[in-house]
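Student: Now for the letters of each chain:
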Amino acid sequence: MKGFYSRKLHSLLGVIPLGFFILEHMITNFSAVEGGEQGFKDSVVWINSLPLVLILEIFGIWLPLLYHGVYGTYIALQAKPNNGRFRHERNLRYLLQRVTGVIALFFIGWHIWETRVQVALGNVTHEELGGLIHDIVSQPVFFMIYLISVLAVSFHFTNGLWSFMVSWGITIGPRAQRVSSYICMGLFVIVAVMFTWSLFVFRGMEFEASGTAMLHTLKTVIG
Amino acid sequence: MAEITTAAKKVKLIVTRQDAPESAPYTEEFELNYRPGMNVISALMEIQRNPVNAKGDHTVPVCWEFNCLEEVCGACSMVINGKPRQACAALVDKLEQPIRIEPMKTFPVVRDLIIDRSRMFNALKRVKAWIPIDGTYDLGPGPRMPEKKRQWAYELSKCMTCGVCLEACPNVNEKTNFIGPAAISQVRLFNAHPTGEMNAEERLEALMEDGGIEGCGNSQNCVRACPKGIPLTTSIAEMNKQTTKHMFKRWLTS
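Heads up: the protein sequence lines correspond to chains D and E, in order. Position 35, counted from 1, in the first sequence is what this note's numbering calls 288; the numbers after and before it change by one each time, with no gaps. Position 177, counted from 1, in the second sequence is what this note's numbering calls 256; the numbers after and before it change by one each time, with no gaps.
Some clues are possibly wrong.
[What the hints assert, rightly or not] Restricting the straight-line Cα-Cα distance to at most 16 Å, the calculated cross-link-like pairs of lysine to aspartate or glutamate (EDC-like) are:
no., chain 1, residue 1, chain 2, residue 2
1, D, K255, E, E288
2, E, K320, E, E280
3, E, K91, E, E144
4, D, K333, E, E253
[Claimed, not checked] The following residues of chain D were derived to be distant from chain E, with all beta-carbon distances above 10 Å:
no., residue
5, L276
6, I328
7, G426
Please keep in mind that the hints were generated in silico from the structure rather than gathered at the bench. Think of the CB as a built atom: it goes at the ideal place given N, C-alpha and C, for glycine as much as any other residue.
Given only the sequences and the hints, what does the whole structure look like? Please build it.
Tutor: This is how it looks when you write it as C-alpha cells:
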C-alpha cells in the first residue's frame, strides 16, 4: 500500500476504533472505583455479553492494534529527534508521541498476554480478572510499570488525537491547533487520572471500600 | 576611523570543515579582529583574506556560498550555534562566542559549508511548482486573483528554497524520503493561483506519492525555524485537508 494511505489508515485506526476502546476500557476500570469489586465484575460481564464479542474483538481491537503497533514502530524508527536543538513544546510532544507509542506497544502486548490470552487458554475466568490485576499491581515493581504505562498510553492517545486532527485537515490554522491542543491535553489529564485512580483501587486490599470512599469525598467536595 | 577604538576585541569561530564530499569532517578554530556590525559572512570573508587559524598556521580558506547578502536568496544557509539560518543575517554582536559554524548536514556536503540543495529543486519539479501558460496560440489574460487571497499567497511566495525547514525537520533524514515542508507549502501557493488552480489535482497527487505529505510528523520545527516567517504548518494542514478531500473524491467518482 502506498505511504499516503498506510499513514492515513494508521492515523484513523488510532482514533477509531482504538481510541474508543481506550475510553471504554477506562470506563470499565473506573467501575471498580464506583462499584468496587462487584461493580468491576459486572462491567466485565456486560462487555463480554455484547453480541458477536469475538468479531468485535478481532476487528475492533486486535487487528487495528497490530497494524497501528507495527506501522507505528516503523514511523518511530524513521524519526531523528532533534530536541536538543529545537526546544519547544510541539517538538517535545513529537518525541514523546514516539516514545510513549513504543512503551504502549510493549505494555499492551504484555497486558493482553496476562489477561485476554490467559482467559482464552482457560487459566482464568472473566470474573477472576479483577483479582488477577489486584495480585499484579500489589507488587511495587509491577505497579510502577502499570502506572508509567497507563500514563504513556493516555498521552499517546490524547496527543495522537491532536495530530489526527492536523493530519486529516480538521484543525488548520495556528489558533485552531492551539485550542485543540488545550482540549486534548485536558482530555489527557482526565484519562490519566481515571486510569491511575482505578489502578490505586485495584491495588487496595479491600478495593471497594477505599475507592468508593474517595469518590464520595470528591462528590461532597464538588457539590 | 572606527577601527581604532575596538581593535583589541576578538571574535572566535569554530568552523566544521570537510575537504571533499566523502572525506571526514573536522573542526578548525579562527580568531579574528572584531569590527562593529560584523556578520558571519564578513567574518568568513576575513578568513578568506587572511587564511590563518587560531594556532597561527596558514590554512586553506573556508568555502561557503552566498549571493544577495540580504536574506532573500537562501544560498548562505548554515548551522550557526546549533540553529540553521542565513549567515548574512547572523550578526556577530547577537551571537554567543565562540561562534560554532557547521554545514546543514541534512544535505550532502560538497565542501566545508557548501551543501547540495538539489533535492529541494527536484521536489519543486515533482510537485510541479509552476504555472503552465504556454500554448500554441495566445491564451489571453488569466482570471484575476482576489486581493484577500493575494495577501496570504504573497507570504508563501517568500520561500527562497534555503533548506532551513528541512534541516530543522526530524523527519527529513537519511532513513526517509520525505519531501520536506517547503515543497508542500509551494503546492498551496500554486494551487491558490487562479491559473495554477487549473492543475491543482496534479500537484495534490504528487503530494500523495511516496515520500509526500504523509512524511510530516507534526514536530512543527519548520514554522519556528523559517527565516521568512512562512506559515508552513498551516500550509501542511491545509494540504492535508485538500489531499484527504481529493482521496475521497477519487474513490467516489472513479
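Student: Does each hint fit the structure? Answer for all of them.
Tutor: Outcome of the hint check:
Distance check on the hinted pair: D:K255 and E:E288 sit about 7 Å apart at the alpha-carbon level, within 16 Å; holds. Only pairs whose Cα atoms come within 16 Å are accepted, and E:K320 paired with E:E280 is accepted, the gap being roughly 13 Å. At most 16 Å may separate the alpha-carbon atoms for a hinted pair to count; E:K91 and E:E144 exceed this at roughly 21 Å. Distance restraint check for D:K333 and E:E253: the Cα-Cα separation of roughly 9 Å lies within the 16 Å cut-off, and the hinted pair is therefore satisfied.
Non-interface call for D:L276 relative to chain E: holds, since the shortest CB-CB distance, roughly 22 Å, exceeds 10 Å. In this structure D:I328 is not separated from chain E by more than 10 Å, as the shortest Cβ-Cβ distance comes to only about 7 Å. With a least beta-carbon separation of about 6 Å from chain E, D:G426 fails to lie farther than 10 Å from that chain, contradicting its non-interface assignment.
Checked against the numbered hints given earlier, the structure breaks hints 3, 6, 7 and satisfies all the rest.
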